[in-house]
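Undergrad: So the sequences go chain by chain: A, B and C. Mapping the first sequence onto the working numbering, position 46 (from 1) lands on 46, and the numbers just tick up by one. Mapping the second sequence onto the working numbering, position 11 (from 1) lands on 11, and the numbers just tick up by one. Mapping the third sequence onto the working numbering, position 58 (from 1) lands on 58, and the numbers just tick up by one.
Don't read these hints as lab results, they were simulated from the structure. Heads up, some of the hints might be wrong.
[Claimed, not checked] Derived lysine to aspartate or glutamate pairs resembling DMTMM-like cross-links, with alpha carbons at most 25 Å apart:
#1 K31(A) <-> E8(C)
#2 K47(C) <-> E68(A)
#3 K65(A) <-> E8(C)
#4 K274(C) <-> E269(B)
#5 K196(A) <-> D21(C)
#6 K27(C) <-> E14(A)
#7 K178(A) <-> D44(C)
#8 K330(C) <-> E228(B)
#9 K371(C) <-> D129(B)
If you're wondering where the values come from, they're calculated on a predicted model, not measured in any experiment.
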Amino acid sequence: MNILVLVKQVPDPEALVEIAASGRDLNIEPKFSINLFDEFALEEALRIKEKHGGKVKVISLGGPKTIEALRTAIAMGADEAVLIEDEAFAASDGYNTALVLSKALEKEVFDVILTGRQAIDADRGEVPQMIAQFLGLPHVGVVVKLDISDGKATAESSLEGAKEIIEVGLPAVFTAQKGLNEPRVPLITGVMKAMKVQIPKVSVEDLGLTRDMAVPESSKTRIVRYLPPKKRPAVQLIPGEPREAAAEAVRLLADVERVI
Amino acid sequence: MDFSLTTEQKFFREQVSRSLQRIVAPLADSIDKSDVFPRDMFNELGSLGYYGIRYPTEIGGMGADCIMFTILAEELARASIGFAAIVTMQCLMGTDFIYRFGTEAQKERLLIPAIKGGKIGTIAFTEPDCGSDLGGIRTRAVKNDTGYVLTGRKLWITDGDVADFVTVAATTDPGKRLGGIGFFLVEKGTPGFSVGQKIEKISARGAATMELIFDECQVSADSLMGEEGKGTKYLNDILSEIRIMIAGLGLGLAKSAFVSGLRYAREREAFGKPIGTFQLIEEKIAEMEVRIRAAEFLTYHAAWLKDQGSLTGKEAAVAKFYSTETACFVVDEVSRIHGAYGLAEEYPAQRYFRDGRFLLFGGGTSEILKTIIAKDTMKKCDFEIN
Amino acid sequence: MDFAFTEEQQFFKRIITDTVDRMVVPKAREIDEKDEFPWELWKDFTKLGYLGLRYPEEIGGMNADPVTAMIFYEQIARGSVGFAQSVIMNILMGTYFVYRFGSQAIKERCLYPAMRGEKVATMCFTEDQSGSDLSATRTTAVKDGNEWVINGTKMWITNGPVADFATVLATTDLSLGAKGLNFFLVEKGTPGFSPGQVLDKLGCRGTITGELVFDNVRIPEENLLGAELNKGIEYLGEILDEVRVMTGAMAMGIAQAAYDEGLEYARKRIAFGKPIGSYQLIRAKFADMATEMEASRLLIYSAAWKMKEKLPSRIEAAMAKMFATETCCKVVDEVTRIWGANAFANEYNPQRHFRDARFLLYGGGTHEILKDFMGRLLIGK
């Protein structure tokens with residue numbers, strides 16, 4: 001089995017984010033980590049390999065620092081990694097990201113493409129579907145369970161308040177949702193391997209694309225402005241008798257705050 | 001300048017020390033381990049009349065002065081910090097409001113027995129979000145026909161689990177901050193008043209620190225101690241005394257820890273000699289002793305000023321700050337002198353080390369006290385030659 | 001002068017930091033409260049292979065250089081001191097002399113399983129009457145035919161009661177003082193070798209510290225861990241610097257854990273209408289703590305670098321240990337002050353860091369001993 005995992009290096013969830021004076025840019029504290037949902041994807045890939053044999057290859061689009069995310073993937077057990085290094089494309093929109101990654105994937109042999117359902121910085125969740133479209137592949141999203149056998153896969157998708165069970169032929173694109181698995185902690189042998197490994201880099205030109213495709217003017221979407229989120233009041237008092245107040249509290253938590 | 005204790009004070013110290021070393025000191029470790037209120041010991045000391053030390057003899061007290069109260073605090077701390085915390089609360093903060101403002105009936109029912117240890121009193125002002133900033137307390141006291149309704153939560157209340165009556169700080173006017181605070185007497189068993197969680201802690205164990213919950217607790221009009229909005233002033237009236245008392249606690253802890261370190265330095269040998277003969281240990285001993293002596297002077301000088309009627313807030317703050325920091329310095333050095341045995345539960349060094357923490361904020365954190373001292377000095381300093 | 005970690009070291013630091021955050025930090029409080037050897041965490045963590053940190057790749061180790069090792073020691077201590085001590089004992093002190101001098105059979109029986117976490121190792125120096133003064137060691141080793149007979153009682157032995165094998169410091173000749181000291185391997189199950197009293201401790205809870213009793217324990221000749229007789233103190237010198245710098249690294253781990261707690265509290269706790277972090281006295285505390293921690297780390301990593309380059313590092317290692325430890329004790333003290341009363345509540349972490357830091361004051365040498373020793377070296381007798 002050849003399993004391809006697409007990962008993105010994103011700002012650490014604890015990194016401080018500020019809107020720049022121009023309103024069109026963000027100042028983000030330079031702390032990075034591998035996108036959480038991509039970790040689930042990578043873990044799943046490793047499990048598939050352990051069960052069916054094969055190889056796990058990890059691809060990422062990013063700047064030079066993205067090498068770290070790929071090293072982490074190797075430490076966890078991926079066999080190979082490659083960085084498509086281009087800051088302009090990495091900073092561009094989802095369409096361009098999908099375009100670049102698809103061009104890279106065209107050159108690969110694979111049975112399964114796994115990636116996270118969304119990146120925790122942009123939160124758009126659009127790249128995997130576009131990749132599937134570009135490559136003419138089926139796509140199953142928000143997967144919480146994945147079984148592979150005989151050239152096809154059975155995936156369980158978690159929807160809001162329901163489950164969808166989908167059977168699909170391989171190759172296909174799957175996006176990982178939280179709950180799919182618990183990502184492993186790297187063994188020291190993995191760490192040692194990752195510390196020494198040379199990760200090949202590829203440029204967008206190598207993939208037949210040109211730099212000017214990534215500039216804002218020729219992108220399909222463009223960031224107009226960033227606005228800070230509304231500041232929530234510190235305390236919301238729920239009035240009423242205990243019974244009604246409790247019911248209202250549950251309603252707020254489930255439907256408004258969506259924490260239960 | 002006569003720096004010696006009077007004959008009466010010396011005698012008092014001897015008596016107190018002997019009693020506490022006999023009754024309390026041997027049980028200090030078990031009080032610390034179990035973290036259970038030492039009821040028998042408390043009753044025994046109560047029957048000896050200590051808890052009325054500050055109150056007039058007419059009501060069963062001892063009518064003692066500040067110096068004697070400080071001596072008591074010091075000797076209590078020498079025996080057990082946990083027990084000292086309980087007793088000093090009983091002698092001062094836990095009973096003083098009812099002494100000053102209680103009705104005759106309240107005094108009969110609560111203060112007189114408390115003096116003999118029959119009832120336990122405590123004070124409650126700290127809240128979960130409010131320690132140093134007393135003006136920010138949120139426990140509300142709303143006036144109604146019968147008296148007041150109290151609503152709020154208190155935290156870190158010494159003896160909250162066993163107290164028979166609590167003097168509670170609540171605000172009748174939050175907007176006025178410090179100017180809206182009043183103190184209310186609440187007795188155990190009053191509907192709406194309940195004891196919540198116990199805070200498990202590493203310091204001053206034996207004196208349980210509890211959460212107290214006031215859920216629309218109705219109290220009578222005469223529960224108000226004094227007048228509405230005057231609470232801060234009433235507290236300030238005893239604040240210096242509280243600080244001197246805590247300075248006394250610091251002295252007691254410092255001395256008991258110091259002696260244990262000294263004994264260890266005399267007995268423990270390395271490289272063929274007692275470790276106390278090596279210069280670096282000598283240095284520690286000297287540094288500790290000098291600081292303890294300085295703390296002693298500052299503490300008793302403040303107590304003496306109080307008895308003379310010329311104490312200012314600053315001297316009390318100085319005494320508390322210096323004595324408690326000294327105690328923390330000493331318990332650190334003593335634990336180092338003990339080497340690995342500073343870690344062993346079977347030696348008291350680790351208990352002294354943990355107990356030091358408790359002294360750092362009761363009565364004001366060192367940071368707050370430093371700003372108080374500086375603000376006062378900025379206005380006027382007696383070092384200045386006009 | 002390149003003060004940065006190499007890219008490899010930076011990567012290693014990220015991974016180990018993340019691993020500790022995920023596996024160790026969530027268990028730290030429980031380990032402290034229960035004060036039992038955390039077997040489950042031990043099993044899970046040792047599977048990752050870190051116990052071979054310092055040994056060659058050929059035998060399954062990582063062959064980490066001293067700088068990388070310090071990164072590890074700092075992070076594991078940041079997670080949980082109780083757990084860290086057990087891990088580090090297996091990584092270094094408890095296995096080093098076996099690695100260095102043990103026969104192949106001994107290595108197969110003790111070293112390799114210890115590297116896999118299948119056996120717990122320990123090192124026995126201290127006795128009731130001898131801590132700083134090793135020459136006062138009274139545990140004896142007497143040659144009888146082709147066996148050594150060990151007699152004595154060791155005290156304060158980390159994980160002594162649960163250890164599968166111990167490296168024991170014993171003297172072949174009481175009159176020789178420090179010059180008669182040797183290391184011997186004693187394995188669990190050897191008749192006469194038994195655990196004694198277990199100590200309850202203020203900090204570093206989670207390691208089982210106690211007495212080990214040697215009552216006419218007979219061990220084969222090859223259990224003498226040394227190429228020559230009576231060279232124990234010299235051999236100890238081989239890892240002394242690392243043990244000291246390592247103690248400094250652990251101090252930084254504890255300090256960092258405490259510092260982070262202090263930071264969070266200073267930002268969130270409101271008094272007089274503002275976060276307490278807005279007040280000068282609190283700000284000053286952070287300035288002092290951060291400065292001293294930075295200085296400590298530079299001393300630690302520079303000493304480790306010297307060790308890596310095989311340059312003399314005896315004084316530097318002692319400096320790093322002392323300075324980092326004093327810094328850590330200051331940091332854990334200040335953090336408890338920042339936290340106010342909440343500092344001594346069991347449900348929060350500052351009190352645990354405050355208690356845990358104390359062992360640093362004597363582990364690797366008390367500061368009084370180190371200062372005397374350093375002063376002597378610097379002044380030149």
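Undergrad: Could you tell me which of the numbered hints above are not met by this structure, giving the numbers in increasing order?
TA: 4, 8, 9
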